[in-house]
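Construct the entire structure; sequences and hints are all you get.
Protein chains in written order, with the working numbering: chain A, 1 to 442; chain B, 1 to 442.
Calculated directly from the structure, the hints in this document are not laboratory data.
Since this is a predicted model, take the numbers as computed values, not measurements.
Note: identical chains are not told apart, hence a pair may lie in one copy or across any two.
Within a straight-line C-alpha distance of at most 30 Å, the following computed BS3-like cross-link-like pairs (lysine-lysine) qualify: (1) K352 with K266; (2) K340 with K266; (3) K333 with K266; (4) K417 with K266; (5) K352 with K417; (6) K421 with K266; (7) K333 with K352.
Number of protein chains: 2
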Amino acid sequence: MNRRDFSLRLAGAVGALSVGNSRLGAAQLRHAFQANGPALNGDRINQHLTALSEFGKNPYGGVSRVAYSEFDRQGREYVMGLVREAGLEVSIDVAGNIFGKRAGSNPALKPLLFGSHIDSVPDGGNYDGDVGVLSSIEVARSLKERGLTTRHPIEVVIWQNEEGGTIGSRAFVGHLPDKDLDLVAKSGKTLRDGIKFIGGDPTKLSTLKHVKGEYAAYVELHIEQGGTLEAEGLNIGVVEGIVGIGWWDVTVDGFGNHAGTTPMDKRRDALMAAAKYIQMVNRVVTSEPGRQVGTVGRIQAFPGAPNVIPGQVQTTLEVRDLDQAKIVRLARKVMEEATKIGAENGTTFTFKETYLSTPAIMDSGVQKVIETAARGSGLTTKYLPSGAGHDAQYMAQIAPTGMIFCPSVGGISHSPKEFTKPQDVVNGANVLMRTVMALDAL
Amino acid sequence: MNRRDFSLRLAGAVGALSVGNSRLGAAQLRHAFQANGPALNGDRINQHLTALSEFGKNPYGGVSRVAYSEFDRQGREYVMGLVREAGLEVSIDVAGNIFGKRAGSNPALKPLLFGSHIDSVPDGGNYDGDVGVLSSIEVARSLKERGLTTRHPIEVVIWQNEEGGTIGSRAFVGHLPDKDLDLVAKSGKTLRDGIKFIGGDPTKLSTLKHVKGEYAAYVELHIEQGGTLEAEGLNIGVVEGIVGIGWWDVTVDGFGNHAGTTPMDKRRDALMAAAKYIQMVNRVVTSEPGRQVGTVGRIQAFPGAPNVIPGQVQTTLEVRDLDQAKIVRLARKVMEEATKIGAENGTTFTFKETYLSTPAIMDSGVQKVIETAARGSGLTTKYLPSGAGHDAQYMAQIAPTGMIFCPSVGGISHSPKEFTKPQDVVNGANVLMRTVMALDAL
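Here it is in structure tokens:
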């Protein structure tokens, strides 16, 4: 079935939309969930998490398994072994993404895709990506062990180089231009060499362009990476969408001069203006209700000596929200206020947009299925946006897509302190399992 | 005569102090100035400035003649030629400082020392140091051409590596410890190799320890490097003292986290705290009357990515004033306020003192002589502190010392845009000449 049909059926199934589709309803959704057997083997997921953490383990805790590193390759080998044990047929596409596939009982149906990534940031943790991958494999293994065959084909995916800019999923939907292959990844290898290193074929990337209608749905389980679920004592996050992100390079030009000989009232200090800018960004971003965030994460003063008044400051602006219009509106307001700050001490601000991604809205039908799956497992839920980017944002361009969040202790991520409690991992995996089964039954 | 005698005589000469010294008075000072012949050859100084500017000239303007570079050596060779033409006997001390000496008529008198430096900062200008050196040489040459012999011996000095931390003058007074010889200068050479490169002998530095009583006085003509004289339309600055300088390395510790997933009200953003700190430094430093300055010149956020909330910021504090107690008081106030800022968002500030130099007060008698010399040339004057460090601050430890400032256009220094008008250079040189003659006559 094509995407539109599938979405309509989902929407109808949960009564979310008045689409006049009478074929499916609450009763059928109940049936779909009743089709589920017992929960999967949660202990095994946590054991696999521990085993995977060995590849790139840091002596001071956490992991550095950056994409295309030797540790990344070792981790992929380990995970491919698990995929095989789960009864899936392993393949690597030309972009280097790993797939584990199993046929369904109805050849007319499109595949259900679910998975995540196992590469990490430098000095990262053992939950970001890994939880989704190992849970996805466990879902497939559990089906095999229970002798169940889905109606749809199922595919588990391990996207490559998520942390370096969702490279694998971008390539999968044809959004990785050849020129980007020369970019150097954290491993020190170019994307081109990295893709070769993990078994892909960068010369054939242009052949890779998956389009709408190929997949029945995509579901990704991931840790929240924020602290909302933990703070509110909730089990499962139903992701409404993945925020859009705007990045700007900001240059403040003043006048560099001798810090000893230039009186305080004669200075055109670029860092003084930058200091006001940083506080202003915080004020502007929080001036509207909502969950938008704005960050100044990088700064450097030039020439950068303690005894020279900074003549130039290079800094950044990042704004994230589910609403693209709000991102643009807040950034424009920041630029207006920056101009005023500059006028106060004879400095000038220049903003250069370096990245602007569109928010990716999750399929409302899949969201409802996830919520129902969680409630059916006795778990509490909250609808929330993902402030972080995920491979799901590219899959959302070609398939009804949903994301399941499980809680991050302290909201900490991209850090050796990243942690999700074993039971929360198991909860997430069970919701993934029930979601896949429900989508398969629809 | 020893320093105390000389200072008293100077003070008595200008009626600045009631020291009950009846031997000298205003009449004798007038006599001293009447002893001066015609002004020196100002055009020649400006021609030499142009000629010296060729060594290390940058295609985009200004000069990079950092100490111990090949350009520095070439510039020194050129200047030593001028010293010889001025009838002075050239020597290089073990620290690499150049001296041009000529005997006086009274063997019982101590030498009068005057000079400056010719090394520059990277991308510096052609007036900082050069004006004082070339004017000093011209004073000697003018005396020779007019057939005048001073009573005191005269010595013109070209200090080495002023810009790298007044290395030559520090060594001269025995304040350059052997361990500092391993420091790497801007040229890439260690001080040890640099001193060898310019003809000194670093193994004999410990033999170099000039002490009080060896010199009758030290006088240095220099560009102001600030904009006070120009802004007030004045010709000559009489330097009251060279400010003390305090430097602190400042570390702000917060909590680094994902910029997309951490709500605005859950952040311990080290850069937000640093932004408040920068503004607070400005506020605290300007909260007292006076000419003190405070600067934050260096800053870096870590990890320093646009999409990560900074967990740490490394920055600096510099405070300068003629009053050491004020430096300490302001720095303490800054630290107190920083603690409060940290408490607001769960960050902590740590201050580490990296440098604290004592203010160097110029000899009040020499100041009066300079003022009288300027007035006698029909020039307007202003007493003011030097916000920049100079070799004079080390000479002040062993001899009655004075500094003459001539105006810097726009107050710009350490920049290719550094400029002092030819007439202002000549004015400064004439005041130096009259000051030397007056000191010689006392």
